[in-house]
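Engineer: If you want the building blocks of each chain, they are given just below.
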Amino acid sequence: MSLESLYTDIILDHYRSPRQFGELEEVDLSVEGNNPLCGDELKLFLQFDGETVEKARWQGQGCAISQASTSMMADMLEGKTVEELREVALQFRSMMQDELDEEEIEELGDLQAIQGVVKFPIRIKCAVLPWNTLQEALLNRHKDVENLTYEEEMEEDEVPDQIPGQI
Amino acid sequence: MTAFWQKMTEDFPVLGQEPHGERLVYLDSAATSLTPEPVIEAVNSFYRSYNANVHRGIHALSERATREYEGARKNIAQFLGVERSSISFTKSTTESINFVARSWAEEHFSSGDEILLTEMEHHSNIVPWQLLKDRVGVTLKYVSIHDDGTLDRSELMDKLSPKTRLLALTHVSNVLGTVNPIEQIVTQVKEKNTDLRVLVDGAQAVPHMEVDLEELGVDFYAFSGHKMLGPTGVGGLYVAPDIVDQVPPFLGGGEMIKQVQKQSSTWKKPPYKFEAGTPNIAQAIGLGAAVDYYRDLGMDTVREREENLVDQAYTRLKEMEGVEVYGPEERSGVISFTMNQLHPHDIATVVDQQGVAIRAGHHCTQPLMERLGVSATARASLSIYNREEDIDELVSALKKAKQLFSREPVTSEG
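Just so you know, the protein sequences line up as chains R and H, in that order.
With the numbering used here applied, the first sequence covers 1 to 167.
With the numbering used here applied, the second sequence covers 1 to 414.
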């Protein structure tokens with residue numbers, strides 16, 4: 001489990017130069033996501049044209065994994081329909097659960113760089129935070145909810161099926 | 001290998017673990033300390049040799065269990081410079097503080113009464129008072145820290161008002177390493193405000209220095225077994241003799257009663273009054289063994305070794321470029337720090353791969369994090385089973401982390 005497989009060049013690049021970072025003048029939907037367990041936070045700003053995401057920006061702070069993952073996600077939001085995004089989110093989740101084969105992973109493009117996180121189970125929450133946050137936004141899109149927030153909680157899947165690693 | 005290190009390796013079997021194939025460098029004792037063989041043995045011994053319930057038992061095993069359990073209590077009390085009857089066993093520091101908030105404070109405080117806390121408190125010494133505020137309407141005030149992490153003593157005195165009923169503060173900060181001069185503070189505040197009571201969170205103090213509760217002059221003092229080489233699940237609460245009569249029971253049930261009738265009961269005397277139900281017998285006995293272990297080493301030796309190490313660690317971390325260390329130079333063996341370009345979570349992951357165990361996060365001190373202007377820090381904390389080589393490993397792992405994160409990445413081409 002080398003660190004280079006977790007902190008890949010692509011991840012470091014997104015961490016240092018986050019894509020789509022900033023604010024939007026006109027915002028149709030904004031949602032906050034945070035992982036209070038380790039202090040990652042992000043805010044997503046979306047503008048829609050019908051079912052398509054026209055503009056997307058984000059701001060946030062946190063660990064390299066969460067910030068890079070958000071940057072990668074934000075990089076692919078514009079121009080996609082809600083339906084397409086749901087697909088990608090599902091694929092991403094499957095990748096995090098180690099359920100995809102080589103081909104399917106490649107189809108995720110840049111996102112495949114996060115695959116290394118699977119070997120560091122404690123950090124998976126950091127990688128999926130932006131996607132769970134996005135999901136929260138898409139689900140509540142048509143309800144007029146103020147201060148949409150997704151917050152990571154301790155869940156049953158905190159208990160691993162098998163003991164990871166040697167210890 | 002020095003004789004002392006040899007002893008540590010033998011006494012702490014978990015040091016033989018090799019996470020990710022590297023020697024375990026355990027720098028997370030502030031979260032929980034390792035447990036020495038004699039303590040493990042004491043706990044097992046209970047279950048193997050004299051497993052029985054305590055108090056009121058007439059048979060041989062129960063008699064022995066009671067002797068060992070009460071013997072542990074006496075041992076711990078002596079270790080802290082007080083009488084046996086002033087030490088109650090609880091689950092933890094957190095439970096001890098909740099106990100005081102729910103029993104004594106709730107009984108005697110009302111709307112308008114003030115409780116003085118500090119910015120550096122652990123959540124366990126904040127939340128119980130917030131819960132009290134919700135129930136009874138007390139006012140919570142906070143004393144700030146200076147930029148160097150020491151308590152603002154003059155602000156403390158300023159914020160002390162005739163309405164302040166309780167000062168609740170930590171002996172040693174689990175983030176900054178700050179050691180608050182409790183004896184001086186208690187003398188000072190009680191001089192100004194004669195009815196004021198003082199509760200101290202001693203979780204990070206007792207494992208690392210000699211603590212004489214009578215000298216300190218506190219009214220309540222809480223500590224945790226698992227932070228002082230003892231088992232998990234046991235802690236203690238000291239209640240000063242001159243206040244103990246004012247303290248009602250917390251939990252009710254067996255063991256703490258004298259007589260029970262249908263509509264009312266009478267209580268035993270402290271400490272039993274504060275221990276309902278079957279106690280953590282094995283764990284309390286284990287904690288007694290931990291105290292013996294400390295006695296054998298001598299708290300002076302313990303303090304000296306740790307001071308030496310933390311001095312080294314503090315100096316070396318401060319020297320590192322891009323590293324910010326929080327808290328004063330004079331400190332207990334806890335060092336929290338942040339690094340440029342590296343989130344604490346990432347730092348912890350990288351050093352973990354080298355076998356180095358540190359903690360990253362808010363360390364249950366969110367108000368303090370806010371005061372420091374960070375959302376999280378990395379924290380290395382020392383104990384007697386650490387040595388210079390451990391600091392070497394930490395520094396080298398941190399250097400590796402810096403390297404990893406500062407390398408020039410290739411721009412993604414898809």
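FYI, nobody ran anything at the bench for these hints, they're computed from the structure.
Among the hints, a few may not be true.
Between beta-carbon pairs, the in silico distance windows are [what the hints assert, rightly or not]:
| # | chain 1 | residue 1 | chain 2 | residue 2 | range |
| --- | --- | --- | --- | --- | --- |
| 1 | H | 278 | R | 87 | 53 to 59 Å |
| 2 | H | 155 | R | 59 | 45 to 51 Å |
| 3 | H | 277 | R | 48 | 56 to 62 Å |
| 4 | H | 6 | R | 61 | 41 to 47 Å |
| 5 | H | 32 | R | 80 | 18 to 24 Å |
| 6 | H | 139 | R | 84 | 53 to 59 Å |
Heads up, the beta-carbon is just placed ideally off N, CA and C, and yes, glycines get one too.
Engineer: Now tell me if each hint is right for this structure.
Structural biologist: Tested hints:
Between residue 278 of chain H and residue 87 of chain R the Cβ separation comes to about 56 Å, which falls inside the hinted range of 53 to 59 Å. Between residue 155 of chain H and residue 59 of chain R the Cβ separation comes to about 35 Å, which falls outside the hinted range of 45 to 51 Å. Look at residue 277 of chain H against residue 48 of chain R: about 59 Å separates their beta carbons, and that is inside 56 to 62 Å. One distance hint, 41 to 47 Å for the beta-carbon pair residue 6 of chain H and residue 61 of chain R, holds here, with the actual separation near 46 Å.
Distance hint for residue 32 of chain H and residue 80 of chain R: a CB-CB separation of about 46 Å, inconsistent with the stated range 18 to 24 Å. As the Cβ distance of residue 139 of chain H to residue 84 of chain R is approximately 54 Å, the hint placing it in 53 to 59 Å holds.
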